[in-house]
Amino acid sequence: MVKSKIMALDGAHAVAEAMRQINPDVVAAYPITPQTPVVMTFSNFVADGLVDTEFIPVESEHAAMSTCIGASAAGGRVMTATASVGLMLMLEVVYAAASLRLPIVMSVVNRALSSPLNIHCDHSDSMGARDTGWIQLYSENPQEAYDNVIQAVRIAEHPDLLLPVMVMQDGFITGHGVERVEVLDDGAVKEFVGEYKPAHSLLDVDNPATYGTWAMYDFYFEIKRQQTDALSKAMPIIVEVGEEYGRLTGRKYGILDTYEMDDAEIAIVVLSSTAGTARMVVRNLREKGVKIGLIKPRVFRPFPAKEFAEALAGVKAVGVLDRSIVFGAMNGLGPGPLYLELCAALFAHGNTTTKVVDYIFGLGGRDIVPAHIEKAAQDLAEIAETGEVRQVVNYLGLRE
Amino acid sequence: MAVNLEATWREASIAGTVFEPGNSVEYITGSWRTLRPVRDEERCTNCMICWVYCPDSAVLVKDGKVVGFDYDHCKGCGICAHECPVKVEKHAYTGQPGKVIQMVEEISVQVGK
Numbered sequence: 001m002v003k004s005k006i007m008a009l010d011g012a013h014a015v016a017e018a019m020r021q022i023n024p025d026v027v028a029a030y031p032i033t034p035q036t037p038v039v040m041t042f043s044n045f046v047a048d049g050l051v052d053t054e055f056i057p058v059e060s061e062h063a064a065m066s067t068c069i070g071a072s073a074a075g076g077r078v079m080t081a082t083a084s085v086g087l088m089l090m091l092e093v094v095y096a097a098a099s100l101r102l103p104i105v106m107s108v109v110n111r112a113l114s115s116p117l118n119i120h121c122d123h124s125d126s127m128g129a130r131d132t133g134w135i136q137l138y139s140e141n142p143q144e145a146y147d148n149v150i151q152a153v154r155i156a157e158h159p160d161l162l163l164p165v166m167v168m169q170d171g172f173i174t175g176h177g178v179e180r181v182e183v184l185d186d187g188a189v190k191e192f193v194g195e196y197k198p199a200h201s202l203l204d205v206d207n208p209a210t211y212g213t214w215a216m217y218d219f220y221f222e223i224k225r226q227q228t229d230a231l232s233k234a235m236p237i238i239v240e241v242g243e244e245y246g247r248l249t250g251r252k253y254g255i256l257d258t259y260e261m262d263d264a265e266i267a268i269v270v271l272s273s274t275a276g277t278a279r280m281v282v283r284n285l286r287e288k289g290v291k292i293g294l295i296k297p298r299v300f301r302p303f304p305a306k307e308f309a310e311a312l313a314g315v316k317a318v319g320v321l322d323r324s325i326v327f328g329a330m331n332g333l334g335p336g337p338l339y340l341e342l343c344a345a346l347f348a349h350g351n352t353t354t355k356v357v358d359y360i361f362g363l364g365g366r367d368i369v370p371a372h373i374e375k376a377a378q379d380l381a382e383i384a385e386t387g388e389v390r391q392v393v394n395y396l397g398l399r400e
Numbered sequence: 401m402a403v404n405l406e407a408t409w410r411e412a413s414i415a416g417t418v419f420e421p422g423n424s425v426e427y428i429t430g431s432w433r434t435l436r437p438v439r440d441e442e443r444c445t446n447c448m449i450c451w452v453y454c455p456d457s458a459v460l461v462k463d464g465k466v467v468g469f470d471y472d473h474c475k476g477c478g479i480c481a482h483e484c485p486v487k488v489e490k491h492a493y494t495g496q497p498g499k500v501i502q503m504v505e506e507i508s509v510q511v512g513k
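Line by line, the protein sequences are chains A and B.
Residues in the first sequence are numbered from 1 upward in steps of one, following our numbering.
Residues in the second sequence are numbered from 401 upward in steps of one, following our numbering.
To be clear, the hints were calculated from the coordinates, so they are not data collected in a lab.
Don't take each hint at face value.
[Said to hold, decoys possible] Derived DEER-like restraints, expressed as beta-carbon distance ranges: (1) A/D186 x B/K475: 54 to 60 Å; (2) B/P455 x A/D229: 34 to 40 Å; (3) B/P497 x A/Y95: 50 to 56 Å; (4) A/E92 x B/P497: 45 to 51 Å; (5) B/Q510 x A/E54: 52 to 58 Å; (6) B/N423 x A/Y95: 22 to 28 Å; (7) B/Q496 x A/Y217: 36 to 42 Å; (8) B/K475 x A/D229: 47 to 53 Å; (9) A/E92 x B/K475: 23 to 29 Å; (10) A/Y95 x B/P485: 43 to 49 Å; (11) A/E54 x B/D470: 38 to 44 Å; (12) A/A199 x B/P497: 56 to 62 Å; (13) A/E54 x B/N423: 42 to 48 Å; (14) A/A215 x B/M448: 51 to 57 Å.
[To be verified] Computed far set for chain A versus chain B, every beta-carbon distance over 10 Å: (15) P37; (16) S115; (17) P208; (18) A209; (19) T210; (20) D218; (21) Q226.
Just so you know, even glycine gets a beta-carbon here, dropped at the ideal spot from N, CA and C.
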C-alpha cells in the first residue's frame, strides 16, 4: 500500500484534487451549481501551474462536451464536470461521446432539474442521462468521489471498453460537505492511471482517420450493437480496476456494496450518500434483532442485474429508495429508475418471489432522516410476513 | 479497398470510424438523385462556371473541356443548371428553350422517355 495524506475536503474539492493528480491533457467545462467548486478549484490549479492541462472555458455545457469530444478524438486524456440542467443541455453530445467510443471522464454533482428551479440534490439529472451509453458510478462520500474519479480513467480507457464514465456524488450533501479524505501521493496516482495511448487519433497524420462519420441503415445498427457489446464487458473490468485500487490504497471497490446481507430477510437498496444513513439504521435494527440488510450499488450503468439477483436471492422484501421519478412509468405511477431496473433484473433472473416496493425520497434536496428509513423497514417487515404489497410507490418525507 | 457492406457488427470499424482516407468516392450518392442535369454539348462554351459551382465535384473536365457529369456522385441539386450562363433556344436533349444545362426527371432517363 502507498502512503496517503489525510485532508479535510468536501466532495467537489476531492474531485478537483483527483483531477490535479490525473493531470489530464484537456479539461473543458462550464460552471454550474453545485459542480462549481470542481471547475473553480481545478482552474486555480491550472493558473498556478500545478497541472499541464489545457483548460478551455466554454460558453455552455453543450460546448463543453463538444470540446471534450474533439480533444478526446485527437488523442488526449479529457475530463469535464457538470450538474443538473447543464447535463441536460449537453445531452445531445453526451450521447455522441459514448457513440464515438471516447473515454472521457465526467464528474457529475447531482442536482434536481427545473422546474421549479432548484439547486439541491436529487438524481434526476444523471438518471436522465442513464441511457446515453456512458458507464455510471455513484459515490457515497467525498472519499468515494475521489477514488471513483481516479478509477474511472482506467475503466474508460480500457482497450476492450473505450467508453466514457460519469462519476456521481450528491450535490451539497457530499459535494459541499467537508469530510476526512485520504489523498494518495501524486506519484501513485500518476502510476495508477498510466499514460493514455489511444489506438487511433485525429492528430495521427500518418494514419488519417475520419471520426463522427455518417451511417444510414447500412451501418448504424451494427455500430449500436458494438456499443452494447462494450458495455456488456464492463463489469469484470470495473471489478479488476477496483481490486487493483484496493491493493494500492486498502480501499477495494466492486459493483454492489452490501451490508448485513448474509441472512437478511428484508433489504434496503439506495444509491450515494443516503446509503450512509441507511447503514446506520440497518445497524440499529440489527441490534434489535431485525434481519435487515443494505445494498448500495456503486455501478448503475451497466446495471448489475446478475449481481442483484444473486444478492437478493432468498430475500423476502426489498425497499428501493429512489431519488428521482421515471415520469409516466407503470400507468403513470412514477416509480424511480432503480426500482424499475431492479424489478426487471429479478424477473429476468427468474426471481418472482421477492417483493419489491419503491420509496421516492429527497427530491429537490428534501432531507431524509433515519426515521424515514425506519418507516420503510417497518413496511418491509410487514410485507415479508404477510407477502402482501399494499402500495408499490411510496414517498418518504413528503407532506401527505 | 472497397467498403464491405456485408460486414457484421463484429467486423465493422469501431464507432464507424473511417480508416481509409478518400473512400467516400465509393459511396454512390448519385442514387439519391431525382433530377438529372443534361448538357447541350454542341452549344456549351466550356466556360467552367458549372465546374466551379458544383458542390460535389461531379462535373467532369478533360483538357480544359467539360466532358460530362459523374452520375455516381451527382445528387441532382441543380446548381449547375441554375448557374449556367449560356442560353439556348432549343436544347439538344430536352428540346426546350433555356440554358445549356437543364434538369430532367431522373426516372424519365432511367425508364426511357
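Violated hints, by number in ascending order, as checked against the structure: The structure breaks hints 8, 13, 14, 17, 18, 19, 20, 21; every other hint is satisfied.
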